[in-house]
Every structure is written in structure tokens, then in C-alpha cells.
Amino acid sequence: MNSTLFQINNITFAYPKNPPLFQDFSFEIKQDDKILLYGANGSGKSTLLALLMGLLTPQQGNITLNDISVQELTPDRYNEVLYSRQNARMDLFGLVPRNDWELWHLALPDIFTEQSLFFVDSDLIAKYDTPYARLSGGELRAFSLLWLPLLQDRFWLLDEPTAGLDAKHKKDFVERCLNKNERGYLIVSHDPVLTENLFNRIILLEKGRLTQIK
Amino acid sequence: MNKLHPLSFIIAALWFSTAAIFVPQLPWLTLAFLLCAIFRGLLTGFNFRLWWKQVRKMIPLFLAILVIQLLFTKKGELLWGKSWYAIYSVGLHRGIAVNLRLLILFFSAQILLRLTYEDFDIAFNTLHLPEEFAFMIFYTIHIIPSAGEHIQHSLQLVKFRGINLRKLPLKSQLTIYRYISLSVLADVLSRSEIQAIALDLRGFRSTRKHTHLLQNNFSLYDFMLYLSIIIITLVYLFSILA
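Protein sequences, first through last, are from chains A and B. When we follow numbering that gives the first Met the number 0, the leftmost residue of the first sequence carries the number 0, and every step to the right adds one. When we follow numbering that gives the first Met the number 0, the leftmost residue of the second sequence carries the number 0, and every step to the right adds one.
Derived from the structure by calculation, the hints contain no laboratory data. There are no misleading hints in this set.
Which chain B residues face chain A? A few, computed with CB under 7 Å, are given here:
1. Leu156
2. Gly161
3. Ile162
4. Ser171
5. Tyr178
6. Ala185
Computed list of lysine-lysine pairs in DSSO-like fashion (alpha-carbon distance at most 27 Å, straight line):
7. B/Lys158 to A/Lys33
8. A/Lys33 to A/Lys167
9. A/Lys126 to A/Lys169
10. A/Lys167 to A/Lys126
11. B/Lys158 to A/Lys29
12. A/Lys16 to B/Lys52
13. A/Lys16 to B/Lys2
No experiment lies behind these values; they were computed from the predicted model shown. Backbone N, C-alpha and C define an ideal beta-carbon position, used for all residues, glycine too.
Make the full structure from the sequences, and use the hints.
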């Protein structure tokens with residue numbers, strides 16, 4: 000099972016009119032890796048995730064997901080990964096949380112059944128039809144992480160997943176990480192609530208270089 | 000070119016788009032298109048690969064317009080063919096003219112899209128127009144690109160869930176598009192509300208005389224641009240009146 004999921008091969012990436020953020024950069028992520036990625040603001044953590052998802056294209060080198068270049072991935076290939084951005088609103092589809100669930104239902108009808116809604120805590124279900132514009136940042140984040148228990152078989156790429164969450168939701172999130180046994184995750188975070196025992200690799204990203212701390 | 004006053008960009012874009020709408024002569028339209036393309040090139044760089052990427056999506060529209068004009072305008076000199084597939088000079092002229100007009104309008108929009116809210120503020124302040132004008136015009140110009148970005152992002156979300164839209168039944172596709180269009184509309188309304196509140200907080204409706212942090216002076220480039228616009232407009236007017 001612990002085969003390579005993502006492979007970054009000697010990439011160079013720079014935003015227009017800026018010095019390279021990554022130069023001749025290589026990195027391997029295995030299916031079962033549980034990685035914490037941290038580093039100073041602007042060190043390129045979110046950019047790295049965007050590169051892994053094919054949202055950005057490196058000027059040199061290539062990135063593969065299961066040996067297929069991320070630039071050539073068909074939608075069904077994304078079944079293996081769950082990507083959550085720093086801005087939780089950007090993870091949520093449609094106008095209200097119900098639309099987001101409906102999209103998941105279309106993608107995975109056997110998992111996102113009507114019964115799946117019973118798992119949602121009552122505070123959130125009360126706001127199930129509330130427009131995103133009327134939800135707080137913490138509530139948006141809670142909704143964006145709501146379905147993690149049903150998406151155990153995906154590798155999670157989560158960018159600052161605990162930002163804006165209250166203590167209760169942070170605790171729930173940590174439990175979800177502890178209980179994840181199918182595939183791993185890569186979490187970008189500076190939150191001390193995410194303790195060392197949740198990860199088998201802790202990596203510092205600094206000046207386009209990775210330093211393995213654990 | 001970037002040294003121009005923001006008002007000059009607006010005037011140039013208005014001049015080009017006015018020419019696109021009101022000038023019927025093909026040589027003059029071609030000249031307007033070339034000038035607009037050069038102006039845009041000086042502004043954004045002559046990156047023809049990027050230009051092609053942007054215009055490529057409009058080619059089916061251009062071809063459709065050309066074919067419709069060729070097939071349905073039966074005036075002027077017969078150039079080729081016979082009966083229903085005959086091509087006449089007026090049809091060809093109109094087909095090319097409409098496409099040139101669209102290209103000029105597209106390039107003019109690209110020029111305006113480079114301007115920030117502060118640029119509009121400076122430009123309208125120069126004309127002593129209220130700040131509401133700058134806000135409304137800036138917001139209107141940016142609605143289509145920002146809605147386009149929102150649609151792209153929503154389609155990306157669909158892809159990241161592992162859904163191939165083309166393989167979905169039509170009913171599900173329509174549901175997805177309905178949600179996307181509603182969220183785009185809600186996003187536009189919500190953002191305009193926030194922007195309007197931000198402007199209110201700056202006290203822009205205060206009746207007292209406003210001060211402006213951002214000031215731009217006209218340069219020699221601006222006067223050269225205005226002089227060129229006036230000369231070309233006069234030459235055009237003389238040519239059609241003569």
C-alpha cells in the first residue's frame with residue numbers, strides 16, 4: 000500500500016516577475032504518509048499544494064500523481080485526493096452547504112446517502128440552508144471539513160485546516176486525523192493542537208528547501 | 000506607455016470602441032483595429048501567444064458571423080458561387096467588419112481591465128466627477144471577468160470531487176450549472192455590497208470638499224495621445240465629408 004502517490008521531479012517554479020520559489024526541487028509523498036508541512040509565511044507551502052493539484056504549472060520539471068502528470072489528470076483521477084484550501088469558502092460548492100453535499104452525493108452516491116446527514120452535529124445542520132455569505136469563517140471551515148470521515152479513502156491535502164475553528168471543532172478534527180487509517184495526509188499548519196504523534200514526517204519548508212525534522 | 004494618466008487609458012478605450020461602433024468603412028475599421036492592437040501591445044507587451052490564447056475561444060463566433068453574413072447578405076457584386084451559396088461583396092464586407100468591431104471592443108475591454116479601482120478614482124477625480132462613478136464603472140467592467148473566475152473555480156471544485164461533467168446525465172449537469180450560476184450571482188451581489196460599505200466607511204458621500212491621496216499629473220505622453228486622437232478623428236471626418 001505504501002507506494003508513491005505524488006512525485007515531484009526537479010521542478011522550478013516562480014510567480015511572474017518574482018525570483019524562483021522552488022528551484023530543482025524534488026519530493027516524494029507516499030500513500031500512507033502523514034506529513035506536517037510548516038514554514039514561514041510566503042515560504043511556498045500553499046503554492047506547493049497548488050502545484051500538487053495541478054492548479055499551477057512548474058516552469059521546469061514535472062509532478063505526477065500515481066505516475067500520471069498532474070497536468071494531464073482526468074476528473075476520475077482526483078478520486079484519490081481531497082484538497083482543502085486555506086480559504087474555506089473556496090472548498091465549498093454552490094450557494095449553501097446543502098449544495099455542497101449534493102455535489103458530493105453526485106460524486107459518491109453510495110457514501111453520501113441521506114443517512115450521512117445524521118452524522119452532522121446539530122449546530123451545523125441548523126445552518127445547512129444558510130448562504131455562505133452569512134456564515135462565519137469558523138463555520139465555513141467546519142463545513143469544509145465536515146465530510147472528512149466519509150472520505151477516508153482519499154489522501155488529504157489540507158491547507159491550514161484548523162484556522163478559525165473553535166476548540167470543539169479542532170478536537171473533532173484531531174480525532175479524524177487519529178482515526179484515519181486508509182491513506183495518509185499532508186497538512187500545512189502552525190497550530191500547536193496538531194501534535195507530533197499525528198505525523199510520521201514533519202517537514203520544514205524554507206527558501207525552497209525541505210528539511211525533515213521527523 | 001504605463002506612464003500615461005489613467006484618464007488617457009479610459010479615453011483611448013472609449014475612442015477605439017466608439018470607432019468600432021460608428022465607423023462603417025472597412026479601411027478605417029482596419030486602421031482602428033491596428034491602432035487598438037498597437038496600443039494594447041504597448042501596454043501589455045506584444046505577447047502574441049497570449050493574444051492568440053485569448054482570441055482563440057472567440058474564433059467559432061467569428062466564423063459563425065462570417066458565414067451568416069456571407070450566406071444571407073445578397074447585395075453588391077457577385078464574388079463567387081451561384082444560387083443560395085453565392086458570396087457577394089457586401090456580405091464579405093459586413094462579415095469582416097463585424098469581426099473587426101468585436102476584436103476592437105475586446106481589446107478595448109482588455110485595456111480597461113488593466114485599470115485598478117484607484118486608477119478610475121484618479122481619472123474621474125480629474126474630471127471632477129463623484130466617486131460613485133468610479134465605483135460603479137469599475138465594478139461593472141470587472142463583473143464579467145470576476146464571474147468568469149468564479150465559474151472556473153466552481154468547475155474546478157466539480158473536477159476535484161472526481162466528477163466528469165460530460166459523463167453526467169443532462170438533469171444532473173443542469174443542476175450543477177444552476178448552482179454555479181446562482182452562486183456567481185450571489186457572489187457578485189455580496190461583493191458589491193461589501194465594496195459599497197467600504198466606500199461609505201470612507202465617507203465618500205460627505206458633502207464637504209474631498210481630498211485625494213492619489214494624484215496623477217498629465218505627462219507629454221498624454222498630450223501626444225490626445226493630439227493623435229484629434230488628428231486621426233479630424234482626418235477621418237474630412238475624408239467622409241469630402
